[in-house]
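Take the sequences, apply the hints, and build the full model.
Chains X, W and L are the protein sequences, given in the same order.
Residue 1 is where the first sequence starts when you use the working numbering, and the numbers rise one by one after that.
Residue 1001 is where the second sequence starts when you use the working numbering, and the numbers rise one by one after that.
Residue 2001 is where the third sequence starts when you use the working numbering, and the numbers rise one by one after that.
Quick caveat, the hints were computed from the structure, so don't treat them as lab data.
This structure is a prediction, so every number in the text was calculated from the model and none was measured.
Warning: the hint list may mix true and false statements.
Unchecked claim - Residues from chain W that face chain L, not an exhaustive set, calculated with beta carbons under 7 Å:
no., residue
1, G1053
2, Q1068
3, I1071
4, A1079
5, P1105
6, L1190
7, F1195
The C-beta atom is built at its ideal place from N, Cα and C for all residues, glycine as well.
Take a look at the letters that make up each chain.
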Amino acid sequence: MTDDAPKVAASPSSMRLVLTLAIAGLISGIAIIGIYESTLPTITANKARELREAVFKVLPGVSQMQALVNRDGELVATEKPARDEPVIYGGYDEQRNFVGYAMPAAGPGFQDTIALLYGYRPGEKIVVGMEVLESRETPGLGDKIYKDAVFVGGFSALSVEPEIVAVKKGTKSQPNEIDAITGATISSKAVVRIINETHTQWSGQLPPPGSEPSLVRMESQDAEVGQ
Amino acid sequence: MKETESYEEFIKGVWRDNPVFVQVLGMCPMLAVTNSAVNAIAMGMATLFVLVGSSFLVSSFRNWIPKQVRISCFIIIIATFVTIADYTLLALVPKVHKELGAFIPLIVANCLILGRQEAFASRYPTRLAVMDALGMASGFMLALLSLGAVREILGDGALFGVKLFGENFEPWVIMILPPGGFLTLGVILLFFNWFKLKKDEFLQEVAEAERSES
Amino acid sequence: MDNLLWIFISALLVNNFVLTYFLGLCPFLGVSNSLETSARLGAATTFVMLVTAVCAWILNTYVLIHAPYLRLICFIVVIASTVQFIEMLIKKLSPALFRAMGIFLPLITTNCAILGLAIFATNRGYGFWEGIVYALGAGLGFTLALVLLAGLREESELSSIPKLIQGTAMNLIIAGILSMAFMGFAGLFSTT
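This is the structure:
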């Protein structure tokens, strides 16, 4: 307390105030850039690995992938999609044959936005897998959309044309029907609606089956992401 | 003498002036992330790091920082530590970072941290300031953990992800939802009120007994 | 349009800042003892949130795209200075308005709901209008929660409450019940 007194008496010049703030800002900037630069490789690798795992999960039989964007009405492969550009992922097997698309989709759920990824095979027009990436659905009820193996398994061969319909548990009879979760009807319907909407949105932009963009990928990338 | 003094500073934060239960500070992160014990610990560790780090710096430079710009300097220091904690958690434990989400940057707005800089670290020597910060952060952690544990046990029937009860336990889902946070903290504060009332009554009785004796 | 409405209702009711994200609890528990003060604080907060949304959008689009790591510091410094500047402006232009809500402005800047708004809006990648609507919903939601609690507290002022539960404990339990009531709004947009 005692060393406070002289400071109050001698009011420091504004030069000194600005200087103090500038030095504080400078040191803080250096510290932040340091930590950012040193953690960035790990963070990027983590994100890439997460994405790869999700894509491989929703598209069975896939071992390689690339990002695809719609540029001037044509679906092209890209390394770095621009900001805010809608991206889908193409999945390819060992022999670099096209298997299907992994489509990111999002929309309002019961509590908050649900973000998910689903695998789509354009040849048969079926969904072959679904993985919820982000949701805040009610624990114990709505969170069954990713915890309930039966519901998630229902997306392994689901026809999307005509659009998917959620039906009461145990009454599935058509290829485009899926059993809703008892106690989480709204969440299951939300998942179905999100997939339907995304499908309608993209179906016009996808090339006819058989002429999907082929895998362009440098060998070095696999090593990098594989770490 | 010195030893007892710094010990005093430490224990003060953990119990007598517990930041959450007694001073009711830092509630936002407190309630939002305590739906499981693991999240509570991660939040507690991040707060500990930020609080101790900024207390150390503020106290070391307390004679160089002009009074007029002290709050801005404190905020810059705190925000730097929070950013460091944010990126470190994102790199090391991405799963936990995803659960805590936006509440890590919000540590900056935790009034507890700025309050300690203003009230303690900027006036006392480094050693005491660090002890005070450690005490306050441990008290905060204690509060987070007790809340997180209660909510996870009742709401999920588990602690640290390990199921505690048999199959027949029906979890009180409400406890891990937002209302559960308010209710649990409310009930814990009731306990503290009760404790304080009892103590006051006891002191009164003692005083009366002394008066009648004399 | 649908999307904007969903953002608004979501911030106002379903994901109310106070009752489900626990943001802005300090004023929520501290100031909510009178209806009038609560309403004025709510209006001032809504205003600051709108300013914040604009600031955050400008920062995100022009500055942080090059330096994402400066996000936190930028938000704090820019929002605090902008609000201070506007406070001075209001004081000059309309003393009446300043008396009504100006005294709250510096208090609000340090409120975690403000920083929370900026961070949430960024994380969700909201554009300009989405950000504005989100801020409006969040601000009105904050006001709603504050006014509700203040009303309940004014009612309970005249009743005899056991000494044990007076104070913060009771307010938290009331907030818990309010929060439970707000859970009823969930699913508002998914039933269709």
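We went through each hint and held it up to the structure:
Taking 7 Å as the C-beta cut-off, the interface hint given for W/G1053 is violated, the closest approach to chain L being about 15 Å. For W/Q1068, the suggested interface contact is broken, since its CB lies about 15 Å from the closest CB of chain L, more than 7 Å. Violation of the interface hint for W/I1071 is found here, the shortest Cβ-Cβ separation to chain L being roughly 10 Å, above the 7 Å cut-off. Annotation: interface hint on W/A1079 holds; nearest CB of chain L at approximately 5 Å, less than 7 Å.
For W/P1105, the suggested interface contact is upheld, since its CB lies about 5 Å from the closest CB of chain L, less than 7 Å. The closest approach between the C-beta of W/L1190 and any C-beta of chain L is roughly 5 Å, which is under the 7 Å cut-off, so the hint is satisfied. The beta carbon of W/F1195 comes no nearer than 10 Å to any beta carbon in chain L, farther than 7 Å, and the hint placing it at the interface is violated.
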